[in-house]
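Taking the hints into account, I'd like the entire structure generated from these sequences.
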Amino acid sequence: MTYLAGIAASDGIAIAPAYLLTEPDLSFERVAVADTDAEVARLDAALAQAKEEITAIRDLALDALGEHEAQVFEAHLLVLGDPELTDQIKNTIRNEKVNAEAALRDVSGMFIQLFKSMEDNPYMQERAADIKDVSERVLAALLGVKLPSPATISEEAIVIAHDLTPSDTAQLNKKYVRAFVTNIGGRTSHSAIMARSLEIPAIVGTKEVTHVVKDGDLLIVDALEGKVLVNPSEAEVAEYRQKAQAFADQKAEWAKLVSAPSVTKDGKHVELAANIGTPKDVSGVLANGGEAVGLYRTEFLYMDSADFPTEDEQYEAYKAVLESMAGKPVVVRTMDIGGDKELPYLELPHEMNPFLGYRAIRISLDQRDMFKTQLRALLRASVHGNLRIMFPMIATLSEFRSAKSFYEEVKAELVAEGVAVADGIQVGIMIEIPAAAVLAHQFAKEVDFFSIGTNDLIQYTMAADRMNEQVSYLYQPYNPSILTLIKHVIDASHAEGKWTGMCGEMAGDQTAVPLLLGMGLDEFSMSATSILKTRSLLTKLDSQEMKALADKAINECTTVDEVEALVAEAVAKATGQA
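FYI, in our numbering the residues of the sequence shown are 44 to 621.
Just so you know, the hints here were simulated from the structure itself, not pulled from any lab data.
Remember, it's a predicted structure, so these values are computed and weren't measured experimentally.
Note that the Cβ used here is the ideal one computed from N, Cα and C, for glycine as well.
There's no promise every hint is true.
Straight-line distance between alpha carbons at most 30 Å, and here's what the computed BS3-like set of lysine-lysine pairs gives [unchecked claim]:
no., residue 1, residue 2
1, K371, K454
2, K294, K323
3, K308, K250
4, K530, K371
Now the in silico label distances, taken between C-beta atoms and shown as ranges [as the list claims (entries may be wrong)]:
no., residue 1, residue 2, range
5, G310, G370, 23 to 29 Å
6, S524, E460, 44 to 50 Å
7, E605, T439, 33 to 39 Å
Next up, the structure:
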């Protein structure tokens, strides 16, 4: 038995065979052929196989994810059936008397470069990616190599990959995929966040799982403790089946709290909210007893579209969320594109450090037509529920004032047009830049609320890219410096009669929750699947005792280890496990 350690990114325990989602070897030699007809026949067979595979993937995506997500595979089928591409490959085989692999690479490479060069036509540039994906599938068929795809998994499996893209994760079918494990990543990576939304156990950052595990190896994934057991003994399998049952029983206990209020042992109420990316995520919020949406990431509206979403398209999405939440608060973050989130149809400058560059509110204030479309859609939708609007990546008061002024202009225009707009819409900011956190006492005089985005606040404060494995040890939510900043923000808002929420992953972190409660955090927004266990924990905590705990962590602790030990002792005492 081999043992691997990683970061527990999404709770749970799974036992199943490994499915390696790794890039296969598609290398080949260019060779001359005498029988070109036989080579064309090989190509036709490979094209037919690729068509069958893509059709199957499309049907699975359509069933599991919906029509929009399946459209990419429709595009792949169109490429595959384009005679301009396939005829040219066959002509190359016949005229140059080369093997089908070489002809495929030559012709597809030419088309890819042609479409990539069309810089003024984003749609055609996207076709380059489609041709690349399709040609690789045909090449794999020619070589007799399996091209793995998460959408085609039809038996119980644990997916093993170097990393998973958001689209890879979206294709995971919960019916068969029991867990996933990756070489890289952290708790705040997109795949980890999506795994929590899908309720799939996940371990990331193992560094070597793709090198150690082979296809079909039996695995135990303990995503409660961050362990992977490769080819375990029967006794270990039996032990972990019991552990998995115990966790299932624990979840059943948490489920009893779906309709319960979020109150501490001494009766203090806090709001437990959820982070969402699309309207369809609301069902998970309600199923887990969410009292609000603390973060609606609107950038997915843009990322899932072939062009800028129209005002009406955005209005329908916002309306759907507001109506589904039936009067419960919904905090909508305006577009947060940039950094690691790009749009094929929005030409952004190449930057040495995009996380510190042209992104989020900086784009919105620069490209006002796009910003206006979003604000109009939000304001129109406001009459359908309890809308709160939040501007991301605010660094200075002048940025907030500029965004708020523009918001008021757009609102006045709509009212002048006779369009109904809700009264009392709260307008706030994300606190994710240290400059804004330090000046929170000034911001609090002008904003309606703060929402602390800890994923970025931590990486900016520690000067450590949260996606960089070499410095991942510096992603320290419990560092006294981070805790000091958070407490300053909360205290600043309360001094002005305002409220502070948190929409970073720290809000659902069971070690952080006692500290945040003690600091007076008003709203905890997290992955929907973390709400019930957080509500359960809160019922065991006394807010005044946690206040003393937070003060001690900030004023007396000097390291993360000291803070973790302090919290562990306090929680053990509070839950009767001391």
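Hints, verified against the model:
1. At most 30 Å may separate the alpha-carbon atoms for a hinted pair to count; K371 and K454 meet this at roughly 22 Å.
2. Distance hint between K294 and K323 is fulfilled; the C-alpha atoms sit about 23 Å from each other, no more than 30 Å.
3. With a C-alpha separation of about 41 Å, the suggested pairing of K308 with K250 is violated against the 30 Å cut-off.
4. For the suggested pair K530 and K371, the alpha carbons sit about 26 Å apart, so the restraint of at most 30 Å is met.
5. In this structure the supplied range 23 to 29 Å holds for G310 paired with G370, their Cβ-Cβ distance being about 24 Å.
6. At roughly 49 Å, the beta carbons of S524 and E460 sit within the given window of 44 to 50 Å.
7. Between E605 and T439, the C-beta spacing of about 34 Å keeps the proposed range 33 to 39 Å intact.
When each numbered hint is compared with the structure, a violation occurs for hint 3 only.
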